[in-house]
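*Asks:* Model the placement of chain B on the given structure of chain A, informed by the hints.
Quick mapping for you: the protein sequence lines, in order, are chains A and B.
Counting from 1, one number per residue, gives the positions in the first sequence under the numbering used here.
Counting from 1, one number per residue, gives the positions in the second sequence under the numbering used here.
Each hint should be verified, as a subset may be incorrect.
When chains are identical, the list treats them as one kind, so a pair holds in a single copy or across two.
Simulated crosslink set (SDA-like; lysine to any residue; CA at most 20 Å straight-line) [said to hold, decoys possible]: (1) K226 with R338; (2) K405 with H288; (3) K204 with T92; (4) K146 with R268; (5) K405 with N295; (6) K421 with S329; (7) K524 with P324; (8) K204 with V479; (9) K131 with G364; (10) K421 with S328; (11) K421 with G245; (12) K131 with Q366.
These are calculated hints, taken from the structure and not from any lab test.
Keep in mind that this is a model prediction, so the values were computed, not measured.
There are 2 protein chains.
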Amino acid sequence: MRDWTSMKMWGARGAVLVLAGIATLAMPARAQDLGGRGAREAARSYREANEAAILREYTALLSLPNVASDSVNIRRNAAALMEMLRRRGATTQLLEVAGGPPSVYGELAVPGATRTIVLYAHYDGQPVDPKQWTGGGPFTPVLRDKALYQGGRDIAFPADGQRVDGEARVYARSASDDKGSIVAMLTALDALKSRGAAPSLNIKFFFEGEEEARSGHLKSILEKYKALLKGDAWLFCDGPVHQSGAQQVVFGLRGVTGLELTVFGPNRPLHSGHYGNWAPNPGMLLTHLVASLRNDDGEILIPNFYNDVRPISAAERRAIAGLPAVDSSLRHSLGLARTEGNNALLAERIMRPALNLRGIRVGGVQELGSNTISTEAYASIDFRLVPNQTPERVRELVEHHLRTKGWHIVSDTPSLGDRLKYPRIVRLQWESGYPAQRARMDDAFARALVSSISDGAEKAPLLVPTLGGSGPSYLFTEVMGVPVVTLPIANYDNNQHAANENLRVQNLWNAIELYAGLMSRLGKEWAPVVP
Amino acid sequence: MRDWTSMKMWGARGAVLVLAGIATLAMPARAQDLGGRGAREAARSYREANEAAILREYTALLSLPNVASDSVNIRRNAAALMEMLRRRGATTQLLEVAGGPPSVYGELAVPGATRTIVLYAHYDGQPVDPKQWTGGGPFTPVLRDKALYQGGRDIAFPADGQRVDGEARVYARSASDDKGSIVAMLTALDALKSRGAAPSLNIKFFFEGEEEARSGHLKSILEKYKALLKGDAWLFCDGPVHQSGAQQVVFGLRGVTGLELTVFGPNRPLHSGHYGNWAPNPGMLLTHLVASLRNDDGEILIPNFYNDVRPISAAERRAIAGLPAVDSSLRHSLGLARTEGNNALLAERIMRPALNLRGIRVGGVQELGSNTISTEAYASIDFRLVPNQTPERVRELVEHHLRTKGWHIVSDTPSLGDRLKYPRIVRLQWESGYPAQRARMDDAFARALVSSISDGAEKAPLLVPTLGGSGPSYLFTEVMGVPVVTLPIANYDNNQHAANENLRVQNLWNAIELYAGLMSRLGKEWAPVVP
Numbered sequence: 001m002r003d004w005t006s007m008k009m010w011g012a013r014g015a016v017l018v019l020a021g022i023a024t025l026a027m028p029a030r031a032q033d034l035g036g037r038g039a040r041e042a043a044r045s046y047r048e049a050n051e052a053a054i055l056r057e058y059t060a061l062l063s064l065p066n067v068a069s070d071s072v073n074i075r076r077n078a079a080a081l082m083e084m085l086r087r088r089g090a091t092t093q094l095l096e097v098a099g100g101p102p103s104v105y106g107e108l109a110v111p112g113a114t115r116t117i118v119l120y121a122h123y124d125g126q127p128v129d130p131k132q133w134t135g136g137g138p139f140t141p142v143l144r145d146k147a148l149y150q151g152g153r154d155i156a157f158p159a160d161g162q163r164v165d166g167e168a169r170v171y172a173r174s175a176s177d178d179k180g181s182i183v184a185m186l187t188a189l190d191a192l193k194s195r196g197a198a199p200s201l202n203i204k205f206f207f208e209g210e211e212e213a214r215s216g217h218l219k220s221i222l223e224k225y226k227a228l229l230k231g232d233a234w235l236f237c238d239g240p241v242h243q244s245g246a247q248q249v250v251f252g253l254r255g256v257t258g259l260e261l262t263v264f265g266p267n268r269p270l271h272s273g274h275y276g277n278w279a280p281n282p283g284m285l286l287t288h289l290v291a292s293l294r295n296d297d298g299e300i301l302i303p304n305f306y307n308d309v310r311p312i313s314a315a316e317r318r319a320i321a322g323l324p325a326v327d328s329s330l331r332h333s334l335g336l337a338r339t340e341g342n343n344a345l346l347a348e349r350i351m352r353p354a355l356n357l358r359g360i361r362v363g364g365v366q367e368l369g370s371n372t373i374s375t376e377a378y379a380s381i382d383f384r385l386v387p388n389q390t391p392e393r394v395r396e397l398v399e400h401h402l403r404t405k406g407w408h409i410v411s412d413t414p415s416l417g418d419r420l421k422y423p424r425i426v427r428l429q430w431e432s433g434y435p436a437q438r439a440r441m442d443d444a445f446a447r448a449l450v451s452s453i454s455d456g457a458e459k460a461p462l463l464v465p466t467l468g469g470s471g472p473s474y475l476f477t478e479v480m481g482v483p484v485v486t487l488p489i490a491n492y493d494n495n496q497h498a499a500n501e502n503l504r505v506q507n508l509w510n511a512i513e514l515y516a517g518l519m520s521r522l523g524k525e526w527a528p529v530v531p
Numbered sequence: 001m002r003d004w005t006s007m008k009m010w011g012a013r014g015a016v017l018v019l020a021g022i023a024t025l026a027m028p029a030r031a032q033d034l035g036g037r038g039a040r041e042a043a044r045s046y047r048e049a050n051e052a053a054i055l056r057e058y059t060a061l062l063s064l065p066n067v068a069s070d071s072v073n074i075r076r077n078a079a080a081l082m083e084m085l086r087r088r089g090a091t092t093q094l095l096e097v098a099g100g101p102p103s104v105y106g107e108l109a110v111p112g113a114t115r116t117i118v119l120y121a122h123y124d125g126q127p128v129d130p131k132q133w134t135g136g137g138p139f140t141p142v143l144r145d146k147a148l149y150q151g152g153r154d155i156a157f158p159a160d161g162q163r164v165d166g167e168a169r170v171y172a173r174s175a176s177d178d179k180g181s182i183v184a185m186l187t188a189l190d191a192l193k194s195r196g197a198a199p200s201l202n203i204k205f206f207f208e209g210e211e212e213a214r215s216g217h218l219k220s221i222l223e224k225y226k227a228l229l230k231g232d233a234w235l236f237c238d239g240p241v242h243q244s245g246a247q248q249v250v251f252g253l254r255g256v257t258g259l260e261l262t263v264f265g266p267n268r269p270l271h272s273g274h275y276g277n278w279a280p281n282p283g284m285l286l287t288h289l290v291a292s293l294r295n296d297d298g299e300i301l302i303p304n305f306y307n308d309v310r311p312i313s314a315a316e317r318r319a320i321a322g323l324p325a326v327d328s329s330l331r332h333s334l335g336l337a338r339t340e341g342n343n344a345l346l347a348e349r350i351m352r353p354a355l356n357l358r359g360i361r362v363g364g365v366q367e368l369g370s371n372t373i374s375t376e377a378y379a380s381i382d383f384r385l386v387p388n389q390t391p392e393r394v395r396e397l398v399e400h401h402l403r404t405k406g407w408h409i410v411s412d413t414p415s416l417g418d419r420l421k422y423p424r425i426v427r428l429q430w431e432s433g434y435p436a437q438r439a440r441m442d443d444a445f446a447r448a449l450v451s452s453i454s455d456g457a458e459k460a461p462l463l464v465p466t467l468g469g470s471g472p473s474y475l476f477t478e479v480m481g482v483p484v485v486t487l488p489i490a491n492y493d494n495n496q497h498a499a500n501e502n503l504r505v506q507n508l509w510n511a512i513e514l515y516a517g518l519m520s521r522l523g524k525e526w527a528p529v530v531p
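The following block holds chain A by itself, in its conformation from the complex (with noise of 0.2 Å):
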């Protein structure tokens, strides 16, 4: 791996052209053709020869913070992304708008291929609170033999020549989203090269640098670098595998929009004895606010709400009924005794929207709990959406619920006088979010991505028609109108977005082999494009 250069590509037989400005790919006249099983064994056999070397590289892009809001250390993410993709010969830039984290562009253009496709994943992370991380924090990976949730312990990263077990699990801020993948995605490309094999359709690389923080300069930078971004579809590489472990090939994702409420009380700190019960608590009043926006079991309350939700089609339920069951252990696994919707199949539960509490704060509990009425109080909350829902009919219906209870909405910390005017203030601070998305499960496209994952893997794939997270997918498809499908890689148990991400060094091994295959097959299986 380390031996590469940009000026040579595809071992002793290949070499790149730098034309224009842009990378071409020459490949030997004849180029191996592994096949599917064969691409994939090439790509375990090169993985099990450098275990090591793949962590450290994977390590040490973890090793870099990348909350979207640091622009700072997102910039050291986007030009390690930008020396990893040059080192597999692919030419790069930095995609940029103002205001915004860059997205790390690469591509590698193979002689001869007709089609393009587009590989996306986010280099950015979730926010991080040190505090809640077991171990040296969201930024210092640490390798475990298990889970910490199975009593996993901590051990060393292998040294050369060194295995590592297929249970272990890499601990760190953004290791199953998505670092993962970009990681596994470069090393499929190193395994076709150890056995002078090419891809057999064009690659793009997108790797964006703000998705966690919603995507705001998304559209901007597709719509900008439309030309350059073309290709005749999009793998999301986002997301974790389905919950029995098995790989699936997702083609909707939900929307997501996001609101944080602040209540106001009095305009400084009371005792509670001697203005409890005068005094209106703000934490109170918030608690009947967010109580009234949905009930204990999930279902949300907001008038009219599920108006615009589309109607699960008889498609969609067959492919639900065929997928394998895993409610019943998943909730063991979980500790719970019951989900929401009455015991609803998780399967249909992400088909319809939902409204997740992410936070409330207020005064303090436990130790820092003090006899007192606060000022303010605040809430977080994310909506998950679907078809046809849009953030900005949420924000209406919200909006509109809260007034009929009789509620100010305030955009800013409100005056003395609105205090004094309005008993039900609250300030509503709306996050951009963006739709849901599903691509058509039957078309050609589809057909052949299935057909290429499936060649030489033990299993055919899961047909998901959604899952149940977000990403801005929705936007390719309407700003470059091709197909958008998902193909995750992570442990479903990742802790995902919270404390102590995770993912399970067999689903990086795993992941390399599914791109090993899909890069090999994907350009075969599909119809060539006619000019």
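*Replies:* Coordinates of chain B only, in the frame set by chain A:
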């Protein structure tokens, strides 16, 4: 003040005899009788000449961290108080039982006096969150020219001979609650001494060290030292003056009990997209639990909660009707468009019990918000009790209510077996708490007390059936069998219990005069004890 020793009291004409370890004050044949007005004038002129020194003693005491659980620093406070008492010629003693902070005891016996008053204050303070304090933190006293919310700015403490404007405020934990009272009563002794006058009755000092931590050891201390602490009545020197600024005599305090609640969700954090509206969100469960306890107008919804409440008597109604109207100006100053109980008067509201939400913590909000379903959610509640409620009965009612709502109650972290068995699990951690207390407003002590502090004062004090706040005063009635009345001195807007607690300097000055008048007159107004 600085030249006092325990061997030289009440000026040149007095001397302290130490007999059997108890200091007895040998009074001159004709000790000065200043009268109420004279005692108050003595206090004023003494204070005006010594403002810098008084504030030095006060801030030295405030600089000692005094959270009850911080046993090292609590003992530093106790040692400082012993020394302050000894400087006034009092014999002192730490009153100890195993496992709690000591109470500080001091005694000044006045020859010929037949009555004994016990002055109670507490020297511990509420827990602190230093991040929320403006300026130097809770234990670095700051003098400001007015209140922070009035735009107050830091000013220097005075040098000897300099004066301080009465509108200035001292900011520190316990500035008002209760270290200000302690300094005021000791300074009143200094002022009487400066005129060769003596108190008109024996004085015992009892300074508690865990009032803000629920007084768990107080009863044991009172029982163990019952003989030592014998007196004819106790004065509780705690709490704020009336919101109008008028001195008040308070015949009751609300009781209090506290509750920490923990609700359990999945046993590891989950991505809100992949599991949202399937995995129960402990924050939503907690929200609905808390909302079921009281509405947002202050009414407690726990069945039968009000059954034990003693109805407000006609005498109490008359007393309340005689209090100045403060609600309107108080609402304006606090920025409140409405108050609870459909805008009922504060004085009426505090005759009823209260349920106050001290805090909620679950997940994160604002910059710490992440799209996660949390594993646990915390709430903290305090109840304010009135006669004839008891903490034990409140606990029964709350637990019964929660069980009827489907909650399984535990006192520790639930096992996996429990999690899989019970859909709604809440951990309840009850604080010990104590009941309310209300003394008679028409007995001999009450009449003598009101006379003694009215004599020479600009205005007669307000007579208040109860304060909204709590103190363990019921215990004195229960264990000692004598009346307990509260004589508060702090400004009402003192941020008691919260960050930026403060005492308005004029309130400290007024308190010195109040205590000087009281000490000088109470023994004379009160019918002597006939042996």
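*Asks:* Find the hints from earlier in the document that the structure breaks and name them by number, from lowest to highest.
*Replies:* Result: hints 1, 7 and 11 break, sorted rising.
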